[in-house]
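J.: Residue numbers (this note's numbering), protein chains in the order written: chain X, 1 to 224; chain E, 1 to 230.
It is worth saying that the hints were derived from the structure and are not from the lab. For glycine and all other residues, C-beta sits at the position ideal for the given N, C-alpha and C. Among the clues, some could well be false.
Stated by the list, open to error - The calculated lysine to aspartate or glutamate pairs, modelled on DMTMM-like cross-linking and capped at a C-alpha distance of 20 Å, are:
1) X/Lys139 x E/Asp130
2) E/Lys148 x E/Glu221
3) X/Lys146 x E/Glu221
4) X/Lys139 x E/Glu221
5) X/Lys146 x E/Glu81
As the list claims (entries may be wrong) - Ranges between beta-carbon positions, derived for each pair:
6) E/Glu144 x X/Ile53: 45 to 53 Å
7) X/Val114 x E/Gln211: 57 to 65 Å
8) E/Arg196 x X/Ala115: 52 to 60 Å
9) X/Ala152 x E/Lys206: 44 to 52 Å
10) X/Ala87 x E/Cys228: 53 to 61 Å
11) E/His166 x X/Val114: 31 to 39 Å
12) X/Arg162 x E/Glu144: 22 to 30 Å
13) E/Cys228 x X/Arg162: 20 to 28 Å
14) X/Ala163 x E/Val56: 52 to 60 Å
15) X/Ile61 x E/Asn126: 44 to 52 Å
16) E/Cys228 x X/Gly93: 53 to 61 Å
17) X/Ile61 x E/Thr157: 54 to 62 Å
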Amino acid sequence: MQDVRIRICASALLSYAAFLNFYGAAAVLLWWLVFTPRLRIIRRVRPVIGMLIIIGLVSIILQAIDGSGFSYFVRMLAIFLIGLWLASDYQPGEFLHVGVWLGGNRIGFEFGLVAEMTMQSLLTLLADLDHIYMALNLKGIPVTVKNIVPTATLLIHKELARAKENAELLAVRGYHQGGTLKPVFLSGKMDIIAGLGAVLVIVFAVFPFVNFLYFDIEVLRGLL
Amino acid sequence: MKLVLDHLTLVQDNFSLTAHGEFLEGIHLVSGAVGSGKSTLALAIAGLISFESGSVLRDGIGPMMLSFQFPDYHITGMTLEEECVSWGCKPEEIFSPSDLHGKNHQSSFSLSRGELKQFHLSCLLNKHYDLLLLDEPFSSLDCESKKKLCHRISYQTTGITIIFTHEQVILPRVDRIWEIKDGKLLDRGTLPDAIRRWCGASSLIKKLIAQEQIPHNISYEDVLEAVCRT
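Hey, can you work out the whole structure from these sequences and the hints?
T.: Structural data, given as structure tokens:
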């Protein structure tokens, strides 16, 4: 999806729909299958598998406690996949354009810049993690809970140092508040169709008039 | 003992690099401009990234180590002593002869980048590796530290040491020069003949070549000797 405004709105709506109930989450998964490049968006397999394992473990525990594990798994999976899609389609600079488009060259620019710097930090953090794994591998040190402490300290230390450097750079360049930017967005027919699809999903999840479409989860289980 | 790069092809986004050649025991310099692919090649040789085609053969090579350009990635100990031990070094061998004497229990994150680089290289060069890959070992170091490092590297009498750098002035004596140019790893040969074919040589070395005063090697001392030669 090219238009970042539609992408952000669709992600917010879809996440809310998935959070609301099982049926909303199922509709979100259907939307994900139709409107995204699906598994091709996955660039790093290891963190995705890690997240799925965590979600799976929590689901098993919830299923054992009160039987809500299956619903939890589907809802969290839907939210996770939407988040993954939002992050994978990110192009550097686009959050700054959205910020200015939404809130103008002062407040909007500020929020956009913060969002942009956060995204850049996340990407750098992932690159840092790759290097740390490589360095551990070279030293022959296994990735264990004990080794997480120095690793996490290193990541926090690097992140703080980078934040300080960025702040100094902004100050040196005379940044005070806001800036001048003419927001530019690319958009296509499919963006609008996918956006409307997201609206339909939230309608399906929120409004009770579609209840007649619901069928009991127990019936579904029985069918399976 | 030898390292063989058999028609290795590395592709990343808009960048590609091909490498073919044999690295025998000794000190090798892989020279190239910033962004030419030196670090990527070092990672591929260390087996840390996958490549498009070809192969890396480490024939008879046992222990191997790659030193990253940014030494903080290597930190696994909360204190300098823990960090030292994580490299398999005895703290007294690292701390006593250096400026870090008495700083054993200082946090690993308290050093400046240059100090950390020195400490990291001290730990690294204290151990023996059959294959030692040094990615930009001279970055963040001042001239004196660079000279000391060159001296330390020249002690590497066994094994294969490969220095990936864009440094042109303060370098150790090497046995062979390689160069990355236009996406290809080129073998410039052994010293001193390699100097004539080395496109990335400093302007001073190029001037000396033009005057037919070829240095015996590329170290600072060798270049100085060529300059003073009458």
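J.: Hint by hint, note whether the structure agrees.
T.: Each hint, compared with the structure:
no.	hint	verdict
1	X/Lys139 x E/Asp130	15 Å, holds
2	E/Lys148 x E/Glu221	13 Å, holds
3	X/Lys146 x E/Glu221	47 Å, violated
4	X/Lys139 x E/Glu221	34 Å, violated
5	X/Lys146 x E/Glu81	17 Å, holds
6	E/Glu144 x X/Ile53: 45 to 53 Å	51 Å, holds
7	X/Val114 x E/Gln211: 57 to 65 Å	58 Å, holds
8	E/Arg196 x X/Ala115: 52 to 60 Å	54 Å, holds
9	X/Ala152 x E/Lys206: 44 to 52 Å	48 Å, holds
10	X/Ala87 x E/Cys228: 53 to 61 Å	60 Å, holds
11	E/His166 x X/Val114: 31 to 39 Å	35 Å, holds
12	X/Arg162 x E/Glu144: 22 to 30 Å	29 Å, holds
13	E/Cys228 x X/Arg162: 20 to 28 Å	46 Å, violated
14	X/Ala163 x E/Val56: 52 to 60 Å	38 Å, violated
15	X/Ile61 x E/Asn126: 44 to 52 Å	48 Å, holds
16	E/Cys228 x X/Gly93: 53 to 61 Å	54 Å, holds
17	X/Ile61 x E/Thr157: 54 to 62 Å	59 Å, holds
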